[in-house]
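Residue numbers (the numbering used here), protein chains in the order written: chain F, 1013 to 1453; chain G, 1013 to 1453; chain V, 1013 to 1453; chain Y, 1013 to 1453.
No lab work stands behind these hints: they were computed from the structure. Watch out, some of these pointers could steer you wrong.
You can't tell identical chains apart in this list, so a pair holds if it fits in one copy or across any two.
[As the list claims (entries may be wrong)] With a cut-off of at most 30 Å between alpha-carbon atoms, the simulated BS3-like pairs for lysine-lysine come out as follows:
#	residue 1	residue 2
1	K1351	K1029
2	K1451	K1351
3	K1361	K1138
4	K1351	K1361
5	K1138	K1434
6	K1029	K1422
7	K1351	K1138
8	K1029	K1434
9	K1427	K1138
Number of protein chains: 4
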Amino acid sequence: MDSASIITDIPALGETKIPSPVQNRAKGANGITCVSDNERVLIDVRELSLVQLLQDGQAPACFELAGPRNNIFFDPSKLRCALVTCGGLCPGLNDIIRSVVLELHWGYGVRNIYGIRYGLQGFIPKFGHDVIDLTPDFVVNIHERGGSVLGSSRGPQDVEEIVDCLERMNIGILFMIGGDGALMAATRIADTILERNLKISVVGVPKTIDNDIYLVSRSFGFDTAVDVATRAIMSAHNEAQGYPNGIGLLKLMGRHSGFIAATAALAQQDVNFVLIPEADFDLQGPNGLLAALEARLADREHAVIVAAEGAGQIFFTDEKTERDASGNIKLKDIGIYLKEIIQSYFDAKRINISIKYIDPSYMIRSLPANANDRVFCNFLGRNAVHAGMAGKTNLLIGHWNNNFVHVPMKTVAGKRKQIDPKGRLWRSTLEATGQGSLKND
Amino acid sequence: MDSASIITDIPALGETKIPSPVQNRAKGANGITCVSDNERVLIDVRELSLVQLLQDGQAPACFELAGPRNNIFFDPSKLRCALVTCGGLCPGLNDIIRSVVLELHWGYGVRNIYGIRYGLQGFIPKFGHDVIDLTPDFVVNIHERGGSVLGSSRGPQDVEEIVDCLERMNIGILFMIGGDGALMAATRIADTILERNLKISVVGVPKTIDNDIYLVSRSFGFDTAVDVATRAIMSAHNEAQGYPNGIGLLKLMGRHSGFIAATAALAQQDVNFVLIPEADFDLQGPNGLLAALEARLADREHAVIVAAEGAGQIFFTDEKTERDASGNIKLKDIGIYLKEIIQSYFDAKRINISIKYIDPSYMIRSLPANANDRVFCNFLGRNAVHAGMAGKTNLLIGHWNNNFVHVPMKTVAGKRKQIDPKGRLWRSTLEATGQGSLKND
Amino acid sequence: MDSASIITDIPALGETKIPSPVQNRAKGANGITCVSDNERVLIDVRELSLVQLLQDGQAPACFELAGPRNNIFFDPSKLRCALVTCGGLCPGLNDIIRSVVLELHWGYGVRNIYGIRYGLQGFIPKFGHDVIDLTPDFVVNIHERGGSVLGSSRGPQDVEEIVDCLERMNIGILFMIGGDGALMAATRIADTILERNLKISVVGVPKTIDNDIYLVSRSFGFDTAVDVATRAIMSAHNEAQGYPNGIGLLKLMGRHSGFIAATAALAQQDVNFVLIPEADFDLQGPNGLLAALEARLADREHAVIVAAEGAGQIFFTDEKTERDASGNIKLKDIGIYLKEIIQSYFDAKRINISIKYIDPSYMIRSLPANANDRVFCNFLGRNAVHAGMAGKTNLLIGHWNNNFVHVPMKTVAGKRKQIDPKGRLWRSTLEATGQGSLKND
Amino acid sequence: MDSASIITDIPALGETKIPSPVQNRAKGANGITCVSDNERVLIDVRELSLVQLLQDGQAPACFELAGPRNNIFFDPSKLRCALVTCGGLCPGLNDIIRSVVLELHWGYGVRNIYGIRYGLQGFIPKFGHDVIDLTPDFVVNIHERGGSVLGSSRGPQDVEEIVDCLERMNIGILFMIGGDGALMAATRIADTILERNLKISVVGVPKTIDNDIYLVSRSFGFDTAVDVATRAIMSAHNEAQGYPNGIGLLKLMGRHSGFIAATAALAQQDVNFVLIPEADFDLQGPNGLLAALEARLADREHAVIVAAEGAGQIFFTDEKTERDASGNIKLKDIGIYLKEIIQSYFDAKRINISIKYIDPSYMIRSLPANANDRVFCNFLGRNAVHAGMAGKTNLLIGHWNNNFVHVPMKTVAGKRKQIDPKGRLWRSTLEATGQGSLKND
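Given the sequences, and given the hints that come with them, work out the whole structure.
Following this line, the structure appears as structure tokens:
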């Protein structure tokens, strides 16, 4: 990571001249400390890199600290805000909606908050989706349910039409909660707003259950996903131990990164092989998965394999690339592929095995957030409001070195965080599984 | 149910001449009441049927009450017992193993208890599976884990070889925990024992997560399965509500009976269509599922469908019948079939839908039992021991009209309990879903 | 139980002349079978008792089967119903409210359903509580929350004022969900209604987390309570094992009956002593609890004790009797008493112990119902509606021999179900704990 | 925090001359990157503080990064290690024991690992506690249980006797998992080892469910505690809503810091008043808790109060100070105190309230760790082993700015982390509760 080159400046709609009402929120709690734009968090906290940078005469890259500002840009009494959730479900969506609404309403006194239905579709007239009035009463218990009370959808919509809708509705701040695609759209929406010279702030909250947002150390829903994934591993392990030469094969989320697979394997330490997109592996050959699996069965009579959905896509390179409605490449199913190839391998060797394949699919992402994610989402939502009220735009609320920070959307767009195959997480995973390289050379 | 014709007599190995040590188990708790073989429970408790029977001069059918007897057949100090678990995993297997071992050891003073590994395979020399010494220390915490500590396997083994093994090991009581196939095998084992004139009791504990044992009101693991299934329904519901015209489609266990599907639908009342093997339904036509689904979407924009795996097998009648290792007919996958046919139907009508298919498969059956099933398993295991010690054989421990009872294996073999499509459970399910008949005539 | 003398006749408001709309509920599902008043369930299902009865020329006592009738008494289009929840919270209250409302609305077409706030207080003008309009929308998700959306209160209110309120509101059916006190009140309300010659049906759903309703085999919320209690036992066990001579002491609900304590001890088999109101025990002396506990510690170094709150009240007989707002005798705290007396006993013997006292109190009763209780509550609620619509009154919806039945309130009033110290449940508990009689003679 | 003055150097037993076997652990996974002692993590990551420091010519304080080193001090084939857990139970103890054992055994090939029973007592001959042989088989499933398989105890023991025991047992590395008191003892043990010129490394893993270790951003078990505490809040909320003027009062852990109370309140946003040791509050007066509570009841009819056990100790200043076996000051029970004073306040005003007090006490700390804490404990345990093998001593494994680090014990001893009443966490808590200052001036 060459942190010095990272763009960290946050665009703003204009001067912040209005004293923030947040300080009065806690009746009598005068001491609430607002955050200044000068408060910043180092991106790279390793001493050696830092000393190097300074010796080179460079300023270290820093993110602006998130939080309430002393002065705000928008007049709360006249402000209208919109919220939209895009893409796949993720634990915590309702928590963020809830905290955005509560902070806007109670913290700033904003009374017009609209929930856009079914993702970007909700902006486009032809779909005819209604708009939801978001009030404290409406959101009070929604965090107890999974999914999104606003609904969602996949795929892009016309950016001009979206901005038309924002204009028609007189929106001052648009809160977009979404993944890759949605954040790309958010950037284009912010650009169009700029071209039209409108005063609309676009604040993103990055959503990816896979935890693979670049420069964001943790994304919401991930902790819940790992929690639930461990129970699926427990099932796979019980099935594996339940039969002679039992193999439990589990597919977990992770299109481009194996964070869920590796972390869940560390939590529920019954896994013998973790397969992730970041670490190539061979199937055949003396070090390949199949030989390693055979050795494991000979030794212990059972085995558990966890594959991230994006692992081993190299085995499908000959096939035609397909894309889904959001433009994501449709992955071939590594789980079913492994199940079949493992069965064939042992059939050919006349070794009886009992392989059980588990694909929890939508059972993980549609659950309510656990306590840890709830707290995290609460901070994300409230900081999104603080940023928007201060007229900041084209930014994400991120989390870095234990602080909530402002990340310019452009800095993140099109990049992705992955497991470092030489780093701490993968090293620990290898230690916990003892799986070796699974590579023939 | 023509209860009068039901065989309820339990075979016995011989006279019970040894006073049971159970009464002394609870030091000083002299009052423990043993059960007499004359204590019996009516099978049909409806007054009208009963009066009719008596008017016809018939005796009403009754099951022997389970429980400790005053006298026992086996001498505990010389007795050797074996336990085996067969077929698919089911929550509660370890609880039953545990309570059998604890009752034999502490209740009767039996010191030689062997766990047969990997189901019926464990009796057959060629597989070379070891035998586990079952002691209180070994079983003390096993109820906290899912699966079976003994392991299991599918498919029949040679009955003569099994009885040879019992003879070699000098087994006095064989406890078999298993489903259809295993109980068939148990009957044949008991017959062979009789032919060889051996004094070996065979006591079965019926296992079916589907809850479809004939004349057994409840089977262990079912309550846990419903518990977990409700969470899968919650996921399906959140996915359905999350998208425009969202459809959550969930497949649940139930090869020949829809008890899990119907009961879980009653517990988590977010289901609009429940499909079970016992109730035929049409796909096409004005009352068929597809039209009903279209109407539901038009009305509410989302729908949840729960299908028992054995539902709608009529749609596959043209295809070749396949069987698995246990001889069960391999069902065609109704879940995938429905997913595809629903997608095609709405594609043809150019209606955009978002269908999410969930198949929890092995995630349910491999979990630890919940508290309710734990209590239930504890009773099953202890009553199995009481029956075996009294020299009773060729019987199951069942549950009927709120009492644990002795059910002759032959009475149950080859029959199955199903949901009565005109009965209370299905009526309530229809009330809860409002799904109508789904039949065109 | 002398079942022959049990009153089982259910009073009715008048003839049922209106065909029930329930059969049409499931569009096209013509086959829904209604229940006839002649369908009855034997109370005592043991064959010997039955034969004896018949030989004596007596008819066996039977309960009327619950369920929808072909004809009903009330005209749904004009009917106004009220629901009230009384006394302590219990898992499942919201499930019953929900199923009553859904069955009234969708099953019978009743449109005026009122929720009375805060128990019997809600009828009394001086408290000024509002009334809640109960609609399907209002109740759709309430089963996911613990507590009661209507609120509750303790203590009696003036019966005349309550009936005045019912008259003013033109209520046809009053659904009362409550315990001992509330059911007493319900009986008096029904009597007053009769005296005033009003056509108001009073249908009760018995509520007691302690599971101690006479002639009701199971009450809602009990299964959930046991579920949660097992986790508290796990904590007590971990604390006991965590320290030298560790003692985990847990108090569980059960004022007059130890069902929760005994059942939870069977589920989570880590308990060494279960103390219940039904089984006297000594503290001092060679067989008393303290000596038995000392022996257990000497043998295994740790022990777990579970006491129902009503256990050992005999030790407080000298003290003044106090009563709470509902008139229940205020129990002395057996948990704190045991903690102190155990500590003193070992202090006097200079034996170091580490005793940890756990009182989950309100943490159990205020949780949402588990899946099993949800299904159970759904049946209770719908059967309460069926009974009320048929003009039956002064009855409870009970559960007996696996059937939902109508139980006359007067039959149950003032009686209580308890654990039989010579029966199956207590015998199993003694087997599981090995605790002995704990009595000196 | 004046980070520049923080001592961060880690003492070492000697030169590390033996190549670490860890790199070969993952068969063929050659690329495992070891950590160099030069890799360090900044303590203060705020840009402004840093620039200031550098302008002042000071080096910023940094912690050594934890992780495997290329060379180690101890010869694994001859090394004997000991593990001990001290003080109160905490979720994750077994996870750490497990990962220490697995890393020592599989990662380094150490074969002699001893579990000391019942905390520091286990070193002292007069207690006669046995020692447990810790093997991979012994620890394989222990993470599924709460508590500590080694047991624990409170209070100090003679340091000379402890070091005698280490000498007698030939221990090379002592892993101590414990809180304040234990870490103080660890420092004294390490000093005595130095005085005796022994080559014994002492590595601590700080344990405090309260999350209040100075310079450690997170301690294990805290996440699980918050998770479970949210369920207690849910109960308190349901009780509060269940009755007219219902008040749910919950006491949570937190002797000197309110992290659990504040974080759980943020997770389960049903709390109206959070009371913590770090923020003084008044009971009486216009802004005091009682008046604020009265206003809340007048407005919304119910309220939830969460008090950390160390909150409001100022109200007990007149009373005599008592200490427990570990020398901690015995806190007066703020929960019971509040319950009584609230009841009196409203009694005096003749306002009927219904207050329900919940004290989950040992129910939280004795549970198994959740997935998040399991992963965290795995890293803590493995990094403790890496540090010990490298001959480092007198250090803790900490977590800072998202990295696992080495913290000198002396740096932490006698200090404590607390909630900053002007910081982010408390500000968010005030926003979420709207509770105001609760101070009269």
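Against the structure, the hints come out as follows:
In this homomeric assembly, K1351 and K1029 never come within 30 Å of each other (Cα to Cα): the closest approach is 62 Å inside a single copy and 46 Å across copies. For a Cα distance limit of 30 Å, the shortest separation of K1451 from K1351 inside one copy, 20 Å, qualifies, whereas the shortest one across copies, 38 Å, does not. In this homomeric assembly, K1361 and K1138 come within 30 Å of each other (Cα to Cα) only across copies, at 18 Å, whereas the closest approach inside a single copy is 59 Å. Proximity of K1351 and K1361 under a CA criterion of 30 Å is satisfied intra-copy only: 16 Å inside one chain copy versus 36 Å between copies.
Proximity of K1138 to K1434 under the C-alpha cut-off of 30 Å is found in neither arrangement, the shortest distances being 50 Å within a copy and 46 Å between copies. In this assembly of identical chains, K1029 and K1422 lie within 30 Å of each other by CA distance solely inside one copy; the values are 27 Å within and 49 Å between copies. Within a single copy, K1351 and K1138 get their C-alpha atoms only as close as 44 Å, which misses the 30 Å cut-off; across copies the closest is 27 Å, which meets it. Proximity of K1029 and K1434 under a CA criterion of 30 Å is satisfied inter-copy only: 24 Å between copies versus 49 Å inside one chain copy.
In the homo-oligomer, the alpha carbons of K1427 and K1138 never lie at most 30 Å apart, since the shortest distance is 33 Å inside one protomer and 57 Å across protomers.
The structure is inconsistent with the numbered hints 1, 5 and 9, although it conforms to all the rest.
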